[in-house]
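Trainee: Given chain A's structure and the hints, the job is docking chain B onto it.
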Amino acid sequence: MQEFLLAIHRDITSKDASPSPEQMQAAIKPFQDWIGSIAAQNKLVAPPKRWDLGGRVIKKDNVVINGPYAEIKESIGGVFFIRAESYEDAVEIAKGCPVLEWGATVEVRMAMPSPQ
Amino acid sequence: MEEQVLIPHLFRTEYRNIVGVLCYRFGIEHVELAEDIVSDTFLSATELWGVHGIPDNPAGWLYTVAKNKTKNYLKRNSLFEQKIADRVRYETSFSEEIEIDLSHKNITDSQLAVIFTVCNPVISAESQVALALHLLCGFGIQEIADAFLTNKEVVYKRINRAKEKLKSAAIKIEQPTIAEIKERLDNVLTALYLLFSEGYYSVSQNATLRKDLCAEAMRLTYLLVLNDSTNKPAVNALLSLMCFHSSRFEARMNENGEIILYEDQDESLWNRELIEQGAHFLVAASTGNEVSKYHLEAGIAYWHTQKEDTPEKWENILDLYNNLLILEYSPIAALNRTYAVAKSRGKKQAIVEAEKLKLTENHFYFSLLGHLYTGLDNEKALAHFEIALKLATSASDKAMIQKNMVSFFL
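Quick mapping for you: the protein sequence lines, in order, are chains A and B. 40 is the number that our numbering gives to position 40 of the first sequence; each next residue is one higher, with no gaps. 248 is the number that our numbering gives to position 248 of the second sequence; each next residue is one higher, with no gaps.
A hint or two may mislead.
[Said to hold, decoys possible] With a straight-line cut-off of 27 Å between C-alpha atoms, the simulated DSSO-like cross-links for lysine-lysine are:
(1) K49/A x K165/B
(2) K182/B x K157/B
(3) K95/A x K182/B
(4) K29/A x K313/B
(5) K49/A x K182/B
(6) K358/B x K43/A
(7) K29/A x K182/B
(8) K356/B x K43/A
(9) K356/B x K29/A
(10) K232/B x K49/A
(11) K211/B x K157/B
(12) K49/A x K356/B
(13) K43/A x K343/B
(14) K95/A x K348/B
None of these hints come from the bench; they were simulated from the model.
Bound conformation, chain A alone (with noise of 0.2 Å):
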């Protein structure tokens, strides 16, 4: 078994942001059964949290920046890991995201195997 990171990514900053509070709130229960039936696969190594829409972004010379954004106009929605067999395993879990038809997209990242 492998850890992944599974980051969702949504655009949280214009007006027109996908998805919108409404989506959000709908999609709260569907997201509960996704995390649910990863957890009872025993695969959900650290639950999502809830992250506010504040942020800091830090630059070179101490650059201390108001705002959930980097340079692009989607931020990280949610943050979690879980571990699959493989990169496959794994994107078939983050398939099941039901946030994905409202216009977010999941990032999935694997940890590298530390060095012996």
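Mentor: Below, chain B without anything else, positioned relative to chain A:
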């Protein structure tokens, strides 16, 4: 009550009370001495009450005799030790009175202190439960062996090893401080939860013994609720869970000791009073921000006290299982969640979820698949029940699976 009935009854309740007080007074290093004194007290009771009749206040009689036996022992012992070790102090040593406080308050304090000592992680969870049954519940070695379906020697060894470990780790028997309660309450609750489960899910056929285990677990948990410093939300949640579960005690087993599935239970046998108490402690548990696994399990157990199947019921149960699994994975919770998916989203979706679990060593997994395929694809259902039957080891589990299989041929 005749002494043949009265003594075993008193033994169960007063043995643990006096042993607890003596352990609290003299420490874990003298636990055998405490047990010897109390056993000796009961031996005197058996001999004397048979001849002279039962005293007016049998518990008080036991307390007085136990106190005297303790004092005599200490005098003799100090005399012996002083003579050999220190002749100088001989004359002054035992003149001061040793007080053994057997008041209700001190008995309760002692029990609490002993709970925190016994449920110490230096000994295994299994040993904690065995030792708790022995020291805190007054269970004999034979009874514990019956509950664990093992023999006396195994239990005897387990208990003695546990005592030795506590002694060598110099675990003190004292009132836990606020910091210790914070640190160790989880561990205590785990042991009490195990003690309850041992009774509730035990493979032992002895229904009285099983009920006693559950009642003892509830008594000790209630002791924590009564004490201000341990009356925490998680403790109330655990007690609520125990109340809800035990409300179905009479309904979940037939006269042959076979388990009756929830769906087939006679609702009129559910104990309403326990359900109400469960609700009371669940309300008491709902303070603060902490949501323990006991809160979630008590919530699930609460919904199970509502016999009628409503979409609301199964949505809530599914939600609670989702959260329980996020908090802590267990195969049984994963299987139960899948059952909740079947109830709230239909069998087809539940099959998709079930096949992701891959619990291929677990006979409950195949029973669940058999259940989900029943009516959709009976051939597959039967095939799954057959695997379940091969994997199951206990007679009652096998019988249950066979019952399911037989229904296909009726």
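Trainee: Compare the structure with each hint and give your call.
Mentor: Going through the hints against the structure:
Between K49/A and K165/B, the direct Cα distance comes to roughly 41 Å. Violation of the 27 Å bound is thereby established for this hinted pair. As the CA atoms of K182/B and K157/B are separated by approximately 31 Å, the hinted pair breaks the 27 Å bound. Our distance criterion of 27 Å between C-alpha atoms is broken by K95/A and K182/B, whose separation comes to about 41 Å. As the CA atoms of K29/A and K313/B are separated by approximately 15 Å, the hinted pair is consistent with the 27 Å bound.
With a CA separation close to 24 Å, the supplied pair K49/A and K182/B stays within the 27 Å bound. Taken as a hint, the K358/B and K43/A pair is honoured in the structure, with Cα atoms around 12 Å apart against an allowance of 27 Å. Of the pairs offered as hints, the one joining K29/A and K182/B is violated, with about 34 Å between alpha carbons and a cut-off of 27 Å exceeded. Proximity of K356/B to K43/A is assessed by CA-CA distance (about 11 Å); at most 27 Å being required, the pair is judged to hold.
Of the supplied pair hints, the one linking K356/B and K29/A holds, its CA atoms being roughly 20 Å apart against a limit of 27 Å. For the hint pairing K232/B with K49/A, the CA-to-CA distance comes to about 25 Å; that is within 27 Å, so the pair holds. Distance hint between K211/B and K157/B is fulfilled; the C-alpha atoms sit about 25 Å from each other, no more than 27 Å. Distance restraint check for K49/A and K356/B: the Cα-Cα separation of roughly 24 Å lies within the 27 Å cut-off, and the hinted pair is therefore satisfied.
For the hint linking K43/A to K343/B, the alpha-carbon distance of about 24 Å falls within 27 Å, and the restraint holds. For the hint linking K95/A to K348/B, the alpha-carbon distance of about 19 Å falls within 27 Å, and the restraint holds.
When the structure is compared with the earlier hints, violations turn up for hints 1, 2, 3 and 7 and for no others.
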